[in-house]
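Asker: Sequence:
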Amino acid sequence: MSEAFFSDAAEKILRELTRSEQAAVESVRRTLEDDPDPEHARGLPDADPRSESHVVELLPEQTSGRGISVVYRYSQDLDAALILWLIAGP
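For the sequence shown, our numbering gives the first residue as 1, with consecutive numbering after it.
Treat the hints with care, since some could be wrong.
In silico SDA-like pairs for lysine to any residue, Cα to Cα no more than 20 Å straight-line [said to hold, decoys possible]:
# : residue 1 : residue 2
1 : Lys12     : Glu26
2 : Lys12     : Gln22
3 : Lys12     : Arg66
Restraint-style ranges between C-beta atoms, simulated for each label pair [claimed, not checked]:
# : residue 1 : residue 2 : range
4 : Gly43     : Asp77     : 17 to 23 Å
5 : Trp85     : Ser20     : 15 to 21 Å
6 : Pro90     : Pro49     : 32 to 38 Å
7 : Pro90     : Asp34     : 27 to 33 Å
8 : Arg42     : Thr18     : 20 to 26 Å
Simulated from the structure, these hints should not be mistaken for lab results.
For every residue, glycine included, the Cβ atom is placed at its ideal position computed from N, Cα and C.
All chains, full assembly: derive it from the sequences and hints.
Answerer: Laid out in structure tokens, this is it:
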């Protein structure tokens, strides 16, 4: 089991989401603790060879609101994921 944390920027955005959107994002965070590379995550380019960056796309049907992209970086050395950004669409 890994740890998954929110960056300061992601925590600020999380507070601005609706309750249902927050619940959907929290669901992703819990999933990352069980599996830091879920099959529905899409890889992103990463400048650090010791980490991997990914994005999980939440559809409006999953959030009962807007679509949200959860961008995170996983470090194998730390066995932890840091949720960097939450990007909410219209």
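Asker: Work down the list of hints and note, for each, if the structure agrees.
Answerer: Comparing the hints with the structure gives:
no. : hint                         : in the structure
1   : Lys12 with Glu26             : holds (14 Å)
2   : Lys12 with Gln22             : holds (12 Å)
3   : Lys12 with Arg66             : holds (17 Å)
4   : Gly43 with Asp77: 17 to 23 Å : holds (18 Å)
5   : Trp85 with Ser20: 15 to 21 Å : holds (20 Å)
6   : Pro90 with Pro49: 32 to 38 Å : holds (36 Å)
7   : Pro90 with Asp34: 27 to 33 Å : holds (31 Å)
8   : Arg42 with Thr18: 20 to 26 Å : holds (24 Å)
When each numbered hint is compared with the structure, no violation occurs for any of them.
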